[in-house]
Amino acid sequence: MQPNTKSVAQHHDVHQSEHHELSFWRKYVFSTDHKIIGIQYGITALMFLLLGFMFMMIMRWQLAYPGAAFPMYFFIAPIALMGVVVLFITGIKPSVNTVAGLSLVAMAALIWYLGSSDENFPDGIMLPEFYNQMGAMHGTIMVFLGVVPLAVGAFGNYVMPLQIGAPDMAFPKLNMMSYWVYFMGGVTMLISFFVPGGAANSGWTSYPPLSNIATTGQTIWLLGMVFLISSSLLGSVNFIVTIVQLRAKGLSFMRLPFFVWAQFVTSFLLLLAFPPLEAAGVLQLMDRLAGTSFFMPSGLVVSGQILPNTGGGTPLLWQHLFWFLAHPEVYVLILPAMGIISEIIANNTRKPLWGYKSLVYAAIFLGFMSFIVWAHHMFMTGMGSTISAFFQTTTMIISIPSVIILSALIISLWGGSIRFNTPMLFALAFLPMFGIGGLTGLPLGLSSSDIHLHDTYYVIGHFHYVVAPGTIFALFAGIYFWFPKATGRKMNETLGKIHFWGSFVCMNFIFFPMLIQGLAGVSRRLYDGGEQYAHAQSVLYLNEVMSVAAWVMALFQIFFIVNFFRSIKKGEKVSDNAWEATTLDWSATTSPPLAHGNFDTVPEVHRGPYEYSVPGQKNDFTPQHQKA
Amino acid sequence: MEIPYTIETREDTGVNNAKLGIWLFLASEVMLFGALFTTYILLRIGSADDWSQLNDILNVPLATLNTVVLISSSVTMVMSWASLMMKDFKKYKLYMGLTILCSFGFLIIKYFEYSAKFEHHLYPSTNTFLAIYFTMTALHGLHVIGGIIVNTYFWGPGSKMWNTQPERFTNRIEIAGLYWHFVDLVWIFLFPVLYLL
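So the sequences go chain by chain: A and B.
The C-terminal position of the first sequence is numbered 635 in the numbering used here, with every residue numbered one higher than the one before it.
The C-terminal position of the second sequence is numbered 246 in the numbering used here, with every residue numbered one higher than the one before it.
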């Protein structure tokens, strides 16, 4: 490697002399720089998260007050107002705020369009068909357009190359393409609201035969998914090659920050698990457009009529192909979150992570196992008790590495003198919240207790505990943590703490009642929240509790949004290594990092990732590139 | 700052970026076609019909010819890369040209097969066997078209790189070749599974 390091250094010198300015479009829009692409991913994904959240709040109105007229302007006004505030918060010069402000206004317009249509809300009352659209699109947007692009596209893109000492991703043009294909996927999904019958309405899982006979929105949904799958394929190839090939000299695999390991395993999951869903998507498109019957059994009766299709297919095939992706997808949602949390915990306890090697091996094992647990989503489909027994066993096994990771992170806190800043508060909250999410999964993974719990609100409560106060808290933690790296400024601590405590309390008021309702047997996907069912009556009052908590939580997000956009220009200026961290992203680059090449001098790594409070050192942190 | 290892191999991993990238891409392609082959197996096992008789309507001689054409194109693809390794650009042009011709030949034969089916009113919607037959061969055909686009670019405008960065250009042909062999390999599986079994 020695000769190459030299040649890189030479290139760097050459570059200094021919430093030319890129045009506005190449610099900020069609950029090939991983940092810009990371920010593009981040802003887009945050906007989609907010849109998915809006859909959920609209659904929660219906669940809390079934049959009451929808007060649309109460939902639109804050978003529109915030859009205008963000637009003008730092003047009207084109910036990230302009894009975000316009997106917020567009979001308000979309909800106005949906809310004022008589097809969705005759006399202001939500129709069940529209509730189904909201349900399907909430799930799709949150998973495929919000959380994964934020966790992988944004954090992976921005932070990972910095942490491994790389000048950029291995394939910068593919990186740009991956963002724009993702963007196209998002646009496609949004377009589906404007076709006859509205957006997809068969749930984010799109189970046939329902989805096969659904309105045009489902076809658009499938096309959107093809875009999103292609985008994540391009991204994951890029991530793996970058991590394997572009590590700085001396940065062996066992010296990688755990965040990089998490992204590495995640990329393999995206690479190998998504193609079967693409295949399934193609088959469903054939069913819908070419009249095939891959997922259609013979003699299916819909509305009293036998469908004219030839039959011979099976709806179970879709479920297998779908969950073959969608279970690894669960780990795509959680692994990057664990990576972010590890960085923040090591940094704020000022101690090495406890059991770094076990964390790494657990993450790899988790990745392998996640490919052979998928059918635990299908215990109730009649696939037989032998297969159920197999998948129940693998499911119990896969909980072990998750427990190892969580335990290692909790033990890491032991004896540390913890700095309770905003990122650390989110990270600390992640641990018990993910713990609840994980533990509530065990009864679902056992095929006998699943008989009672399947398809109830218990399932919803379980996976939302993993993703919402779990992953999304980790993503908030990451945003507060790496904000100074991207902007050179810190986000406001007071506003951050208000945001944290508000969200933390509200999250539990939203999701814990779901577990109670689910145990009482209330089914998911009911548009009236279970009002028609006798067994649901005793827990029906919780619907209002959850809804109010959701709306209050929305108010607390305003603190985050204002803090975020205000701090870009007006936040407190901090040094390059704002948190006194050891990894290369903090210790070897400027804040914000150099436009091209990331590093002043090519870093060389001499030690592990978390050498905090090493006895005999002058500081309580020893950067990875500091010589022995 | 240049991205390291775009051309030269990294010592401790033994590959350059593009080669690792294409192998990862092919791994995901294996999963894509793997899912479709799995679908084939599941549908065939669950079917009330005897698929070994349903596929009698397919034209085995034409498909055999197509197999020969596609394997030949793989051979010429290797030859085009080998020519570059021997610094013989003219031969590269010849062999790459032949590869592209063979790929077109494959598609033309496939077109005759498809249109014969349509003439007899055999469509994807006719039965589940034809559904999976059309889906898999069409998806494979899309991959052939993708290969033609890439190879034609490297045969035409893309070949200018030979004058400036011969090593990088040779790498590109090797990588295009890996993809092309994969497309070939998929057909080697499709042919017996759909036509013979």
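Just so you know, the hints here were simulated from the structure itself, not pulled from any lab data.
Do not rely on the hints blindly, as some may be mistaken.
To be verified - To give an idea of the chain A side of the interface with chain B (calculated C-beta under 8 Å), a few residues:
(1) 175
(2) 251
(3) 282
(4) 283
(5) 286
(6) 289
(7) 298
(8) 301
(9) 320
(10) 324
(11) 420
(12) 422
(13) 424
(14) 428
Stated by the list, open to error - Distance ranges between label pairs, derived from CB positions:
(15) A:88 to B:214: 52 to 58 Å
(16) A:88 to B:61: 37 to 43 Å
(17) B:111 to A:403: 37 to 43 Å
(18) A:101 to B:111: 39 to 45 Å
(19) A:397 to B:241: 27 to 33 Å
(20) A:305 to B:61: 38 to 44 Å
(21) B:83 to A:126: 39 to 45 Å
(22) B:114 to A:455: 52 to 58 Å
(23) B:157 to A:109: 24 to 30 Å
(24) B:150 to A:261: 26 to 32 Å
(25) B:106 to A:397: 35 to 41 Å
(26) B:61 to A:621: 25 to 31 Å
(27) B:161 to A:214: 35 to 41 Å
(28) B:161 to A:305: 50 to 56 Å
Being a predicted model, the structure only gives us computed values, none of them experimental.
Note that CB positions come from ideal geometry on N, CA and C, so glycine has one too.
Consistency of the hints with the structure:
The closest approach between the C-beta of residue 175 of chain A and any C-beta of chain B is roughly 6 Å, which is under the 8 Å cut-off, so the hint is satisfied. Hint status for residue 251 of chain A: holds, given a least beta-carbon distance of 6 Å to chain B, under 8 Å. Using the Cβ-Cβ criterion of 8 Å, the hint placing residue 282 of chain A at the interface with chain B is satisfied: the shortest such distance is roughly 4 Å. Evaluation of the residue 283 of chain A hint against chain B yields a held restraint, the C-beta minimum of about 4 Å falling below 8 Å.
At about 4 Å, the closest approach between the beta carbon of residue 286 of chain A and any beta carbon in chain B falls short of 8 Å, and the interface hint on this residue holds. Below 8 Å, beta-carbon pairs count as interface contacts, and residue 289 of chain A has one with chain B at about 7 Å; its hint therefore holds. A hinted interface residue such as residue 298 of chain A counts as satisfied when its beta carbon comes closer than 8 Å to some beta carbon of chain B; here the least separation is about 3 Å, so the hint holds. Taken as an interface hint, residue 301 of chain A checks out: its beta carbon lies about 6 Å from the nearest beta carbon of chain B, inside 8 Å.
Look at residue 320 of chain A: its Cβ gets to within about 6 Å of chain B, closer than 8 Å, so that hint holds up. For residue 324 of chain A, the interface hint holds, since its Cβ comes within 8 Å of a Cβ in chain B; the closest pair sits about 6 Å apart. Below 8 Å, beta-carbon pairs count as interface contacts, and residue 420 of chain A has none with chain B, the closest being about 36 Å; its hint is therefore violated. Of the supplied interface hints, the one on residue 422 of chain A is violated, with its beta-carbon coming no nearer than about 37 Å to a beta-carbon of chain B, more than 8 Å.
Among the interface hints, the one on residue 424 of chain A is violated; its C-beta lies about 39 Å from the nearest C-beta in chain B, farther than the 8 Å criterion. For residue 428 of chain A, the interface hint is violated, the least distance from its beta-carbon to any beta-carbon of chain B being 33 Å, above 8 Å. Taking 52 to 58 Å as the suggested C-beta distance range, the pair residue 88 of chain A and residue 214 of chain B conforms, at roughly 55 Å. Between residue 88 of chain A and residue 61 of chain B the Cβ separation comes to about 55 Å, which falls outside the hinted range of 37 to 43 Å.
Between residue 111 of chain B and residue 403 of chain A the CB atoms are about 52 Å apart, so this pair departs from the stated range of 37 to 43 Å. For the pair residue 101 of chain A and residue 111 of chain B, the supplied restraint of 39 to 45 Å is violated, since their beta-carbon distance comes to about 59 Å. For the hinted restraint 27 to 33 Å between residue 397 of chain A and residue 241 of chain B, the CB-CB distance of approximately 30 Å keeps it satisfied. At about 57 Å, the beta-carbon gap between residue 305 of chain A and residue 61 of chain B misses the expected band of 38 to 44 Å.
Range check, residue 83 of chain B to residue 126 of chain A: Cβ separation about 42 Å, and the 39 to 45 Å hint holds. Between residue 114 of chain B and residue 455 of chain A the beta carbon distance is about 57 Å. The supplied range of 52 to 58 Å therefore holds. Roughly 50 Å separates the CB atoms of residue 157 of chain B and residue 109 of chain A, a value that falls outside the hinted 24 to 30 Å. The given range of 26 to 32 Å is broken by residue 150 of chain B and residue 261 of chain A, whose C-beta atoms sit roughly 51 Å from each other.
The hint said 35 to 41 Å for the Cβ distance between residue 106 of chain B and residue 397 of chain A, and at roughly 38 Å that hint holds. As the Cβ distance of residue 61 of chain B to residue 621 of chain A is approximately 27 Å, the hint placing it in 25 to 31 Å holds. Separated by about 39 Å at the C-beta atoms, residue 161 of chain B and residue 214 of chain A satisfy the suggested range of 35 to 41 Å. Between residue 161 of chain B and residue 305 of chain A the CB atoms are about 32 Å apart, so this pair departs from the stated range of 50 to 56 Å.
Consistency note: the structure conflicts with the earlier hints numbered 11, 12, 13, 14, 16, 17, 18, 20, 23, 24 and 28.
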